[in-house]
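Protein chains in written order, with our numbering: chain A, 1 to 303; chain B, 1001 to 1303; chain C, 2001 to 2258; chain D, 3001 to 3258.
Don't read these hints as lab results, they were simulated from the structure. Quick caveat: nothing in here was measured; it's all calculated off a predicted structure. Be aware that one or more of the hints could be misleading.
Unchecked claim - If the Cβ cut is set under 7 Å, some of the chain C residues that face chain A in the computed set are: (1) 2022; (2) 2116; (3) 2226.
As the list claims (entries may be wrong) - Covered by chain A, according to a simulated footprint, are these stretches of chain B (three or more residues, beta-carbon under 8 Å): (4) 1002-1014; (5) 1062-1076; (6) 1115-1128; (7) 1151-1160; (8) 1190-1201; (9) 1208-1220.
All residues carry an ideal CB built from backbone N, CA and C; glycine is no exception.
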Amino acid sequence: MADLSVKIHKLELKNPVMTASGTFGNGVEFDDFIDVNALGGILLKGTTLHHREGNDYPRMAETALGMLNAVGLQNKGVDYFCKHIYPIVSKYSTNVIVNVNGSTIEEYIELTQRINELEHIAAIELNISCPNVKEGGMAFGTSCPMAEQVTREVRKVYDKTLIVKLSPNVTNIAEIAKAVEAQGADSVSLVNTFLGMAVNAETRKPVLSTITGGLSGPAIKPIALRMVWQVAQAVKVPVIGMGGIASATDAIEFMLAGASAVQIGTANFNDPQCTIKIIKGIEEYLDRHKLLSASDIIGKLQM
Amino acid sequence: MADLSVKIHKLELKNPVMTASGTFGNGVEFDDFIDVNALGGILLKGTTLHHREGNDYPRMAETALGMLNAVGLQNKGVDYFCKHIYPIVSKYSTNVIVNVNGSTIEEYIELTQRINELEHIAAIELNISCPNVKEGGMAFGTSCPMAEQVTREVRKVYDKTLIVKLSPNVTNIAEIAKAVEAQGADSVSLVNTFLGMAVNAETRKPVLSTITGGLSGPAIKPIALRMVWQVAQAVKVPVIGMGGIASATDAIEFMLAGASAVQIGTANFNDPQCTIKIIKGIEEYLDRHKLLSASDIIGKLQM
Amino acid sequence: MKKQVCDLTVINNTRLNHDNYLIELKPSIKLENIQPGQFVNIQVKDSPTTFLRRPFSIHDVNYYNNTFAILVKTVGDGTFKLSKIEKNETLDVVFPLGNGFSEPSKGEKILLIGGGVGIAPMMHMARESKNIGVEVHILLGARSESDHILVNEFSQFGQVHLTTDDGTLGIHGFVTDHDIMSSKWKFDRFYCCGPDPMMHAVAKRAKALKTECEVSLENMMACGFGVCLCCVTKTNEGNKCVCTEGPVFNINDLEWQI
Amino acid sequence: MKKQVCDLTVINNTRLNHDNYLIELKPSIKLENIQPGQFVNIQVKDSPTTFLRRPFSIHDVNYYNNTFAILVKTVGDGTFKLSKIEKNETLDVVFPLGNGFSEPSKGEKILLIGGGVGIAPMMHMARESKNIGVEVHILLGARSESDHILVNEFSQFGQVHLTTDDGTLGIHGFVTDHDIMSSKWKFDRFYCCGPDPMMHAVAKRAKALKTECEVSLENMMACGFGVCLCCVTKTNEGNKCVCTEGPVFNINDLEWQI
Ligand SMILES: Cc1cc2nc3c(=O)[nH]c(=O)nc-3n(C[C@H](O)[C@H](O)[C@H](O)COP(=O)(O)OP(=O)(O)OC[C@H]3O[C@@H](n4cnc5c(N)ncnc54)[C@H](O)[C@@H]3O)c2cc1C
Ligand SMILES: Cc1cc2nc3c(=O)[nH]c(=O)nc-3n(C[C@H](O)[C@H](O)[C@H](O)COP(=O)(O)OP(=O)(O)OC[C@H]3O[C@@H](n4cnc5c(N)ncnc54)[C@H](O)[C@@H]3O)c2cc1C
Ligand SMILES: Cc1cc2nc3c(=O)[nH]c(=O)nc-3n(C[C@H](O)[C@H](O)[C@H](O)COP(=O)(O)O)c2cc1C
Ligand SMILES: Cc1cc2nc3c(=O)[nH]c(=O)nc-3n(C[C@H](O)[C@H](O)[C@H](O)COP(=O)(O)O)c2cc1C
Ligand code: FES
Ligand code: FES
Chain A
1 MADLSVKIHK LELKNPVMTA SGTFGNGVEF DDFIDVNALG GILLKGTTLH HREGNDYPRM
61 AETALGMLNA VGLQNKGVDY FCKHIYPIVS KYSTNVIVNV NGSTIEEYIE LTQRINELEH
121 IAAIELNISC PNVKEGGMAF GTSCPMAEQV TREVRKVYDK TLIVKLSPNV TNIAEIAKAV
181 EAQGADSVSL VNTFLGMAVN AETRKPVLST ITGGLSGPAI KPIALRMVWQ VAQAVKVPVI
241 GMGGIASATD AIEFMLAGAS AVQIGTANFN DPQCTIKIIK GIEEYLDRHK LLSASDIIGK
301 LQM
Chain B
1001 MADLSVKIHK LELKNPVMTA SGTFGNGVEF DDFIDVNALG GILLKGTTLH HREGNDYPRM
1061 AETALGMLNA VGLQNKGVDY FCKHIYPIVS KYSTNVIVNV NGSTIEEYIE LTQRINELEH
1121 IAAIELNISC PNVKEGGMAF GTSCPMAEQV TREVRKVYDK TLIVKLSPNV TNIAEIAKAV
1181 EAQGADSVSL VNTFLGMAVN AETRKPVLST ITGGLSGPAI KPIALRMVWQ VAQAVKVPVI
1241 GMGGIASATD AIEFMLAGAS AVQIGTANFN DPQCTIKIIK GIEEYLDRHK LLSASDIIGK
1301 LQM
Chain C
2001 MKKQVCDLTV INNTRLNHDN YLIELKPSIK LENIQPGQFV NIQVKDSPTT FLRRPFSIHD
2061 VNYYNNTFAI LVKTVGDGTF KLSKIEKNET LDVVFPLGNG FSEPSKGEKI LLIGGGVGIA
2121 PMMHMARESK NIGVEVHILL GARSESDHIL VNEFSQFGQV HLTTDDGTLG IHGFVTDHDI
2181 MSSKWKFDRF YCCGPDPMMH AVAKRAKALK TECEVSLENM MACGFGVCLC CVTKTNEGNK
2241 CVCTEGPVFN INDLEWQI
Chain D
3001 MKKQVCDLTV INNTRLNHDN YLIELKPSIK LENIQPGQFV NIQVKDSPTT FLRRPFSIHD
3061 VNYYNNTFAI LVKTVGDGTF KLSKIEKNET LDVVFPLGNG FSEPSKGEKI LLIGGGVGIA
3121 PMMHMARESK NIGVEVHILL GARSESDHIL VNEFSQFGQV HLTTDDGTLG IHGFVTDHDI
3181 MSSKWKFDRF YCCGPDPMMH AVAKRAKALK TECEVSLENM MACGFGVCLC CVTKTNEGNK
3241 CVCTEGPVFN INDLEWQI
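Pulled out of the complex, with its shape left as it was, chain A reads as follows:
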C-alpha cells in the first residue's frame, strides 16, 4: 500500500486531502458523516478579529456545475473562536488550520497573534482573496505590493506554518505567488473563488444580495488547474491546489500539475463523505500505477 503522507513546510499530512475553508464548518458538523481525523488536515471557516454578520440573504446562486456564494465571512470573531470553538477542534488529531481574514494589515496582524497562541493550531491560511467583503479581502490578493506587505507583516508575528491563499481574479497569479513566497510564505494555496454574478431574468434583479459573489465547483476546475500548474512552476514552496475537485481523479490531476496537497470545497456539500472517497481513490490509483508514494505524482506531469 502506497505511502500517502506529504509535507507542507512543517506540517506532516497523513494524506494530501484537506478541506477548504468555508465549506467544512469547524469540522464537527462532519463528525456524523466521516472520521475527520482520517483527513490530511482541515481548514476552519474564515475567522476575523471581530464578529461579522456577513451579507444579507440571498447569499447563494446555483450555476452550471458550480455555485456562487456571497457569505461575506460571517463568523463570531476571534474571542468567540478561542473560547468556544478552539476547545472543540483541539480534540482532532489531524492538522487544524485557521483561515485568517482582515480588512486592514493591523487586523491581519492582531488576529494572527491571537491564533499564534493556540497550541493545537498547526498553521494559518492567510486569506487575501475573499471576493465577498467590501474592505480588504480580495484587494490584498489582487495587488502585488499589498500581497507582499500583508505577508511580510504577518510573517513577522507568526512562526508556525504560514500558508497564503491566492485569488484567481488576477492577470498573473504566478507573480503574486512569487511575491508572497519572497516575503516568507511557507506555502501558497489556490484558488479562492472567481468573482461572478447571477441575474434573474424574470425579476430583472441580481440573484445575490451583493450582486456579485464567488464562483466555486467543477465549473472552475480547468482554470484552477492551469493556475496551480503555473504557480507550481514559479515557486519553490509547496503548493496546495483546489477549485472544483470532486473526485480522486480531479485531485490527482492537481497533484500532477504540481500540488503537494489539495483542498476540497464545494464537493463537501454534494457529498459530505467525498473527502474520504478521494483519499481511497488516490490510494487505489497509486497502487494500480505501482507508485510507492503520493510524492511520486506531485508535479510529475509528463510533457
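For this one, chain A is given, so just place chains B, C and D with the ligands on it according to the hints.
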C-alpha cells in the same frame, strides 16, 4: 411584436444576436441549418495576415459544462480570405464582421487596412485576447498600455466600426475597456476564453498539445456576466456580451447586465440552430413582459 | 437520530395530481425519533442543471415499516427528475436535517396551516400531535380545486379546512380569509408552511391574535447541514442558518416586517 | 443529402453483447444517398459530464423502411446513457456528416477491416459494395470471442474472417496477423476503421502490398461540421478537419510515420 433592433455604433442589427468568432466558421457551414441572414450579425473566424496551420491535435478537451480549445487561429491568411471567402460571405445581407488578429502592431495594422478595402465588411473585431497563440494574442489584451497602443494604431487606419474584444484573464477588465474606449474603440466585446488546462490522470499528460487552452461554454457564464456588468458601467460605448450563452434567458441576463448585443459561441456546436431559437426567445420575453423594444432591457438590471 | 448520508430505496412513487408526487423511501438503518418539520437533502442524478442537492420536508413517517415519505412538487429539472424515479431505484439522501416544530402539549388545540407544497411537513405533524392527545385542525390552501391533494389522509388526524384562490373548493380566498383563523377559534398554536407571502400573512394574524406561531422556511440551501452559511435568515439574535437552526422558527424570533 | 439537425425516433435498441448496442433510428425526412463512412452527431440528454454531442458512424441504412442504425459501444457516461434509450424515445441528431469511403468499382475485390467498434461503418459499406457487384471480404478483429458481434449479418455480404487477441475465436492475434492480409490475396482496396494502432498497422501492410487503403479516423470533435477546427489531422496539404474533410482518408494523404 417588440422591436428587436439594436445599434452598435454605426452597425444596425436587426436583432441583438450575433455569433462568436471561431465558432461559426464563415457562416456558410450553417446554411444547411439556419437562415444566416436572420441573425443580427456574424463574426467570421479569426483571420491573420499570413496563413497559419494552428496548433497540433489534440486541440480540444471537454470539461464540466464547458470545453477547452487550442485551435491557435488556424486560417489561410488574408489573401486567401479576400479571394475566396469574401466573395462568398458578401452574399449575406446581415452584418459580416471580421475578427482581426496579429502578433505585432504592424500585423494588426496591415491586416486592418486590407479588410478596410472590403465593402461588405461592416466592422472589425480586434482580437487582443486569443490565449492560444505564442506571440501577440492575449498579451495585447492583458496589458493596458499594449491594449491602448494596438487600438490607437488600428483606429488610425480604420474608419468603420471598430470593436475590441477583451480578454477575461485580467485583474481589472473595466480598466482595459476604458483604456481602449479612450483610444477610439467604438464598442467592446467580451469575453474571450479563459486560460485553462486539462490533464489526463491515466497517461499523466496534458490533454491539449499546447498544455493550456481557452475555456468556453456555460461553465464560464457567471464570470463573463460579472465582467460584462462591470464593463458596461465603466464605458459609454456599446458592450457586446458573450460567454456561455446557450438560451434566450442567458442572453437576456447579459443584456440586463448592460450588453447591447450578444454573441453565441460554443452553443452553436451543441445546437446549430440555437441562435434562431435565442432570437425567438428574446422576442417572446419582450412580448410577455410587455416591453416594446430590445433596448428596454439593455442595462436595465434593477438593484 | 444521527445525521446520515445513505442510499434509500424507493418503495413507491405515486403521482397525486398534475405536479405532485408522493415518494416513499426505505433506509437500511432504523428510523427513530424523526421530528415533524425535519427535512432531507437529495442528490439528483442525471440533471446537468441540478448541481446541488434538493431539500424536501419529511412528509410522513411509518416507523412500523421503517419508511418515510416525501412530497415532491415539480417546479424545475431537479424535481422533474425526482418525479420520474421508479420503485426499487435508490436515492442518495442526507437526513434527517434541521429542527422540527416544537411539540404541542396534550390537550392543546393547534392549527396546521399548509399552502401549496407547504402542506408537506404537516402530515407527520398531524399524526404525531394526534398521537399525544392534541386537538388538530388542518387548514390547507391551494390555487384551485385540482391543486388540493391528500385531503382524506389529513382528515384521519383532525378536521380539515380548505381554501382556494379561485373559489373552486372550500373558502374562496387565502388561508387567512378562512374563518378558522378568526379570533373565535382560540388555538394554542399555529404551525405554518407555505409561500413566503402566506407565512407573513399568517404570522401577522397570529400576532394580532397573540397565538404562538411557528413557520417553516424554505431558504435556498447549498449544504443543508450548517457549513456553507448560505441559507441564513435574520433573527433577533442575528443571522441564523435555516438548515440547522430552522427550518422552523417562532415568528417572534424572526425580523419580519409584520 | 443535406445536413440536418432533427429529432429521430428510436425504432429499436438491441443489446448485442456486454457493451454493444444497435440503435435503429427513423427520421421524418427521407433518407437518400448516405455514403458508407458518414457519421451522425448525437446530443446526449441527462448526462452532466456529456457536454458535447457524441459522434457515431452510420452502421447500416434501410432506405426501404427509411431507417438507419448506429452501433454504440459503452465507454463512458455519454454512450452509457445512449445505451439506455428506449423504443419511441427521440434523439437529437445532426446528420449526415463527413465524407464516406470512396466507391469501389464493379468487379473489384475489397477487404473491409474493422477492429472493435470500428466495425460500425462496415455494414453499410459491405451492403453497398456487394450491391454494385464488388467482391467483399470482411476482416473483424476483437479482443475475445464474446466481443465479436454481427458476424452473421456481415456474412450476407461477403466472406467474414475473424481474429481475436486471445485466440478464443478465429486467428489468434491482430488483424494484420490474418492470412487474408498477406500478399497472396491481391485486394484492390483495403477499407479500415478501428483503434489507432490497428489502423497504423493496416496502413503499413497496405503500403508494403501497394494496396489502396482508406482509414476512418475518430478524432475528438466539438462541432462535427467543420467550424471549430478542433478535430484536425495532419495531411500532405496541412491540417485537415476530420469531420468535414474526413473522417475517411486515403493513407497516402496522411502524415503517418509508417
Ligand atoms: C427546508 C426545505 C423543505 C422543502 N420541502 C419541500 C417539499 O416537501 N416538497 C417540495 O416539493 N419542495 C420542497 N422544498 C422546495 C424544493 O427544495 C424546491 O422546489 C426544489 O429544490 C426545486 O428544485 P428544482 O431543481 O426542481 O427547481 P429549480 O430549477 O432549482 O428551480 C425552479 C424554480 O423554483 C425556485 N426555487 C427553487 N428552490 C427554491 C426554494 N428553496 N425557495 C424558493 N424558490 C425556489 C427557483 O428560483 C426557480 O424559479 C423545500 C425547500 C426547503 C429549503
Ligand atoms: C467519426 C467518429 C465515428 C465514431 N463512430 C463510433 C461508432 O460507430 N460507435 C461507437 O461506439 N463509437 C464511435 N465513435 C467513438 C464515440 O464517439 C466515443 O466512444 C464516444 O464519444 C464516447 O463518449 P462517452 O461519453 O461514452 O465517453 P467519454 O466519457 O467521453 O470517454 C470515455 C473514454 O473514451 C475516450 N474517448 C472518447 N471519445 C473518443 C474518441 N473520439 N477517440 C478516442 N477516444 C475517445 C475518452 O478519452 C475516455 O477515455 C466514433 C467517433 C468518431 C469521431
Ligand atoms: C460557501 C463558501 C464559503 C467560503 N468561505 C471561505 C472562507 O471563509 N475563506 C476562504 O479562504 N475561502 C472560502 N471559500 C472558498 C473555498 O475555500 C475554495 O477556495 C473555493 O470554494 C474553491 O474550491 P471548490 O471549488 O472546491 O469549492 C468559500 C467557498 C464557499 C463555496
Ligand atoms: C473552438 C473555438 C475557437 C475560437 N476561435 C476564436 C477566434 O478565432 N477569435 C476570437 O476572437 N475568439 C475565438 N473564440 C472565442 C469565442 O469567440 C468566444 O469568445 C468564447 O468561446 C466565449 O463564448 P462561448 O462561451 O459562447 O463560446 C473561439 C472559441 C472556441 C470555442
Ligand atoms: S444550507 Fe449550508 S448552512 Fe444552511
Ligand atoms: S469537429 Fe469541429 S471542425 Fe471538426
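Hint by hint, here is what the structure shows:
The criterion of a C-beta within 7 Å of any C-beta in chain A is not met by residue 2022 of chain C, whose closest approach is roughly 25 Å, and the hint is violated. With a least beta-carbon distance of about 18 Å to chain A, the hint placing residue 2116 of chain C at the interface is violated under the 7 Å criterion. The criterion of a C-beta within 7 Å of any C-beta in chain A is met by residue 2226 of chain C, whose closest approach is roughly 5 Å, and the hint holds. Only residues whose C-beta sits within less than 8 Å of a C-beta in chain A count toward coverage, and the segment 1002-1014 of chain B has 0 of them, not enough to reach three; the restraint is violated.
Under a criterion of three residues with beta carbons nearer than 8 Å to beta carbons of chain A, the stated coverage of the segment 1062-1076 of chain B is upheld, 5 such residues being counted. Residues of the segment 1115-1128 of chain B lying with their CB closer than 8 Å to a CB of chain A number 0, which falls below the three-residue condition for coverage. Counting residues of the segment 1151-1160 of chain B whose CB falls under 8 Å from any CB of chain A gives 0; the rule of at least 3 is not met. Under a criterion of three residues with beta carbons nearer than 8 Å to beta carbons of chain A, the stated coverage of the segment 1190-1201 of chain B is upheld, 7 such residues being counted.
For the segment 1208-1220 of chain B, the proposed coverage by chain A is satisfied: 7 residues have a C-beta within less than 8 Å of a C-beta in that chain, meeting the threshold of three.
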